[in-house]
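Chemist: So the chains spell out like this:
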Amino acid sequence: MSSAASNPRPQPPQPKQEETRYVCGGDLLFVSYNTRCCGEEVSLRPGDKIECSACNYPVLFKKRTRRIVEFQAR
Amino acid sequence: MGKQAMGNIAYNQLRRMDTLLYLLVYPQKPLLTTKTIELVGYDKLGAGQNATVAVMSYSGYDIEDAIVMNKASLDRGFGRSIYMKRFNDGIKTYDEKNQVVIKEDIIARPDRDGQNFGKMRVLDNDGIASPGEVVRPKDILLNRQVPNTSGGYKPAPLTYKGPEGESYVVDKVSLYSDTRNKLQCKFLVRHTRRPEVGDKFSSRHGQKGVCGTIVQQEDLPFSERSICPDLIMNPHGFPSRMTVGKMIELLGSKAGVSCGRFHYGSAFGEPSGHADKVEAITDTLVKMGFSYDGKDFLYSGITGCPLQAYIFMGPIYYQRLKHMVIDKMHARGTGPRIQLTRQPTEGKSRNGGLRIGEMERDCLIGYGASMLAYERLMLASDPFEIHVCRECGLLGYYDHKRKSGICTKCKIGDHMATMKLPYACKLLIQELQSMNIVPRLKLANA
Chain A
1 MSSAASNPRP
11 QPPQPKQEET
21 RYVCGGDLLF
31 VSYNTRCCGE
41 EVSLRPGDKI
51 ECSACNYPVL
61 FKKRTRRIVE
71 FQAR
Chain B
1 MGKQAMGNIA
11 YNQLRRMDTL
21 LYLLVYPQKP
31 LLTTKTIELV
41 GYDKLGAGQN
51 ATVAVMSYSG
61 YDIEDAIVMN
71 KASLDRGFGR
81 SIYMKRFNDG
91 IKTYDEKNQV
101 VIKEDIIARP
111 DRDGQNFGKM
121 RVLDNDGIAS
131 PGEVVRPKDI
141 LLNRQVPNTS
151 GGYKPAPLTY
161 KGPEGESYVV
171 DKVSLYSDTR
181 NKLQCKFLVR
191 HTRRPEVGDK
201 FSSRHGQKGV
211 CGTIVQQEDL
221 PFSERSICPD
231 LIMNPHGFPS
241 RMTVGKMIEL
251 LGSKAGVSCG
261 RFHYGSAFGE
271 PSGHADKVEA
281 ITDTLVKMGF
291 SYDGKDFLYS
301 GITGCPLQAY
311 IFMGPIYYQR
321 LKHMVIDKMH
331 ARGTGPRIQL
341 TRQPTEGKSR
351 NGGLRIGEME
361 RDCLIGYGAS
371 MLAYERLMLA
381 SDPFEIHVCR
391 ECGLLGYYDH
401 KRKSGICTKC
411 KIGDHMATMK
421 LPYACKLLIQ
431 ELQSMNIVPR
441 LKLANA
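Respectively, the protein sequence lines represent chains A and B. Taken in order, the first sequence gives residues 1 to 74; the numbers are from this note's numbering. Taken in order, the second sequence gives residues 1 to 446; the numbers are from this note's numbering.
Accuracy of the hints is not assured; some may be wrong.
Said to hold, decoys possible - Straight-line Cα separation of at most 25 Å, PhoX-like style, residue types lysine-lysine; simulated pairs: (1) Lys3(B) x Lys328(B); (2) Lys63(A) x Lys119(B); (3) Lys348(B) x Lys138(B); (4) Lys119(B) x Lys420(B); (5) Lys442(B) x Lys420(B); (6) Lys85(B) x Lys138(B); (7) Lys29(B) x Lys44(B); (8) Lys63(A) x Lys161(B); (9) Lys182(B) x Lys63(A); (10) Lys200(B) x Lys328(B); (11) Lys63(A) x Lys138(B); (12) Lys92(B) x Lys161(B); (13) Lys186(B) x Lys63(A); (14) Lys182(B) x Lys49(A); (15) Lys49(A) x Lys3(B); (16) Lys85(B) x Lys63(A); (17) Lys295(B) x Lys277(B); (18) Lys322(B) x Lys85(B); (19) Lys186(B) x Lys138(B); (20) Lys92(B) x Lys49(A); (21) Lys200(B) x Lys161(B); (22) Lys35(B) x Lys92(B); (23) Lys186(B) x Lys92(B); (24) Lys49(A) x Lys103(B).
What the hints assert, rightly or not - Computed spacing ranges between beta-carbons, pair by pair: (25) Thr65(A) x Lys161(B): 18 to 24 Å; (26) Thr65(A) x Asp178(B): 21 to 27 Å; (27) Thr65(A) x Ile365(B): 55 to 61 Å; (28) Gly347(B) x Thr65(A): 32 to 38 Å; (29) Thr65(A) x Gly165(B): 18 to 24 Å; (30) Cys259(B) x Arg66(A): 51 to 57 Å; (31) Lys44(B) x Arg66(A): 56 to 62 Å; (32) Glu64(B) x Arg66(A): 49 to 55 Å; (33) Ser53(A) x Pro137(B): 49 to 55 Å; (34) Arg66(A) x Met288(B): 51 to 57 Å.
Just so you know, the hints here were simulated from the structure itself, not pulled from any lab data. For clarity, every value in this text was computed on a predicted model and none was experimentally measured. Just so you know, even glycine gets a beta-carbon here, dropped at the ideal spot from N, CA and C.
With the hints as extra help, turn the sequences into a complete structure.
Modeler: Following this line, the structure appears as structure tokens:
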């Protein structure tokens, strides 16, 4: 409790971290075709509000992995 | 189409995050519809495929409504489906009384050097699995850690659970904030499934059946036009169920594919209606060079000789139902037990045992297989050794100091005997005692 009290937002010791990029989910919202589609890339740090920086849409999607993935065709 | 059929569920089906989603990879429009189906728009979202069905017996793996399937058709995509499952997790907060600071979980960066790195393979630097990664059972999707009392953190990851040996892929990962503004994640995991033995199929006439065997196309019968069935259905399914509609569907679809026009299969052939009557369909079939009754002359794929009978063959709209063996298959050797009764748990999700029920027990008794009944009902379930007093018939206990059993009521250990008994029975005795009923054990041959 004592260490947590001194630090209002507890974080693990974090080495220099390359930011993970996320994609705005605003294009999934079909309110009308005018407000559709944002697709802005957002980068978040731990503790940030989950929100698109361009359109304030509250859902973000993770970008696809950059690792090479092998699929098995069956 | 139906509740259990796979197919397209909506135009935005691939953008949704459903808990469970079953999709067909190549859905088709039925060759034989009704005007009502068209008006309602029922065929806008496909829920099955037009399979060429041969109504005949083949190999014995088609008894009791089982279906024989063509392996080449499966390779070409018949019945291929996508299974998607969602996993949810996120940061939880813990408020305790008299505390200013509210404790909350963290999503930790994966420990690349730790011994658990194998399970954290699919994680990114943010501790969240990324789309496109292949996951195996016990892989970590979200590296969540829970605060403990000493100010540190204890791992409480969200792990993927699924069948062993299958390659599931993380399809989509969405992040959002909950009402407390804390990060929440949804993971959509995808699996492509081709039909296998035990998967369930159905026509639109309620003629459901499981896939009994999958046969090489070379071994299946073929017609003089080299038409080979996608699946073979046993004719015994017809007489008792009287699904005349299925036969008419076969005829109508066959006329439909050969003349290039969707046919209507309503039962009412009144002059004002739209239905294609069997008579008209028959004429079309004859015009297209088929027999009027929809039967074809087939050669055996195994011997190459003509079959003895003409075979009723043509397309029928078949649906793949969402009951698949891979979700249901389960077996257990040893495993978890329920604390109260010390009997094995129940159900696949709890890695449970398979119950020998009352009727199965009756069979064992009727056959006189006493040792088998003893083994299944006690040794494999909840064996327990008790100490009984032969004088008063009540349960005692084992005194480790005196190295002998002691009766709690008589306070002496002179007449103690040990015996084996199901733990549930001992529990019953004690529960009855707690209700002021005293069951006493009379030992005959101790």
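Chemist: Give a verdict on every hint.
Modeler: Taking the hints in turn, this is what the structure says about them:
At roughly 19 Å between alpha-carbon atoms, lysine 3(B) and lysine 328(B) fall within 25 Å of each other, so this suggested pair holds. A distance of roughly 21 Å separates the Cα atoms of lysine 63(A) and lysine 119(B); the hinted pair therefore holds under the 25 Å criterion. Of the pairs offered as hints, the one joining lysine 348(B) and lysine 138(B) holds, with about 17 Å between alpha carbons and a cut-off of 25 Å not exceeded. Restraint check: the Cα-Cα separation between lysine 119(B) and lysine 420(B) comes to about 43 Å, which exceeds 25 Å; the hinted pair is violated.
For the proposed pair lysine 442(B) and lysine 420(B), the alpha carbon gap of about 14 Å is at most 25 Å, so the pair holds. Restraint check for lysine 85(B) and lysine 138(B): the C-alpha separation of about 15 Å stays at or below 25 Å, so the hint holds. Of the pairs offered as hints, the one joining lysine 29(B) and lysine 44(B) holds, with about 8 Å between alpha carbons and a cut-off of 25 Å not exceeded. Between the alpha carbons of lysine 63(A) and lysine 161(B) the distance comes to roughly 23 Å, so the proposed pair stays at or under 25 Å and holds.
A hinted pair counts as satisfied when its Cα atoms are at most 25 Å apart, and lysine 182(B) with lysine 63(A) qualifies at roughly 20 Å. In summary, the hint linking lysine 200(B) to lysine 328(B) is supported, as the alpha carbons are separated by about 12 Å, within the 25 Å threshold. Restraint check for lysine 63(A) and lysine 138(B): satisfied, since their Cα atoms lie roughly 23 Å apart, inside the 25 Å limit. Taken as a hint, the lysine 92(B) and lysine 161(B) pair is honoured in the structure, with Cα atoms around 21 Å apart against an allowance of 25 Å.
Using a Cα cut-off of 25 Å, the hinted pair lysine 186(B) and lysine 63(A) holds, with the two alpha carbons roughly 14 Å apart. For the hint pairing lysine 182(B) with lysine 49(A), the CA-to-CA distance comes to about 8 Å; that is within 25 Å, so the pair holds. Between lysine 49(A) and lysine 3(B) the alpha-carbon distance is near 40 Å, which puts this suggested pair outside the 25 Å criterion. Distance check on the hinted pair: lysine 85(B) and lysine 63(A) sit about 19 Å apart at the alpha-carbon level, within 25 Å; holds.
Between the alpha carbons of lysine 295(B) and lysine 277(B) the distance comes to roughly 18 Å, so the proposed pair stays at or under 25 Å and holds. Between lysine 322(B) and lysine 85(B) the CA atoms are separated by roughly 13 Å; this keeps the pair inside 25 Å, and the hint holds. The straight-line distance between the Cα atoms of lysine 186(B) and lysine 138(B) is roughly 17 Å, inside the 25 Å bound, and the hint therefore holds. Distance hint between lysine 92(B) and lysine 49(A) is fulfilled; the C-alpha atoms sit about 15 Å from each other, no more than 25 Å.
Using a Cα cut-off of 25 Å, the hinted pair lysine 200(B) and lysine 161(B) holds, with the two alpha carbons roughly 23 Å apart. Between lysine 35(B) and lysine 92(B) the CA atoms are separated by roughly 53 Å; this puts the pair beyond 25 Å, and the hint is violated. For the hint linking lysine 186(B) to lysine 92(B), the alpha-carbon distance of about 14 Å falls within 25 Å, and the restraint holds. Distance hint between lysine 49(A) and lysine 103(B) is fulfilled; the C-alpha atoms sit about 18 Å from each other, no more than 25 Å.
Distance hint for threonine 65(A) and lysine 161(B): a CB-CB separation of about 21 Å, consistent with the stated range 18 to 24 Å. For threonine 65(A) and aspartate 178(B), the Cβ-Cβ distance of about 26 Å falls inside the hinted range of 21 to 27 Å, so the restraint holds. A hinted range of 55 to 61 Å for the beta carbons of threonine 65(A) and isoleucine 365(B) is consistent with their spacing of about 59 Å. Between glycine 347(B) and threonine 65(A), the C-beta spacing of about 34 Å keeps the proposed range 32 to 38 Å intact.
For the pair threonine 65(A) and glycine 165(B), the beta carbons lie near 22 Å from each other, so the given range of 18 to 24 Å is met. For cysteine 259(B) and arginine 66(A), the Cβ-Cβ distance of about 53 Å falls inside the hinted range of 51 to 57 Å, so the restraint holds. At roughly 38 Å, the beta carbons of lysine 44(B) and arginine 66(A) sit outside the given window of 56 to 62 Å. The hinted range of 49 to 55 Å is satisfied by glutamate 64(B) and arginine 66(A), whose Cβ atoms lie roughly 51 Å apart.
Taking 49 to 55 Å as the suggested C-beta distance range, the pair serine 53(A) and proline 137(B) does not conform, at roughly 37 Å. Arginine 66(A) and methionine 288(B) have their C-beta atoms about 55 Å apart, which keeps the hinted 51 to 57 Å range intact.
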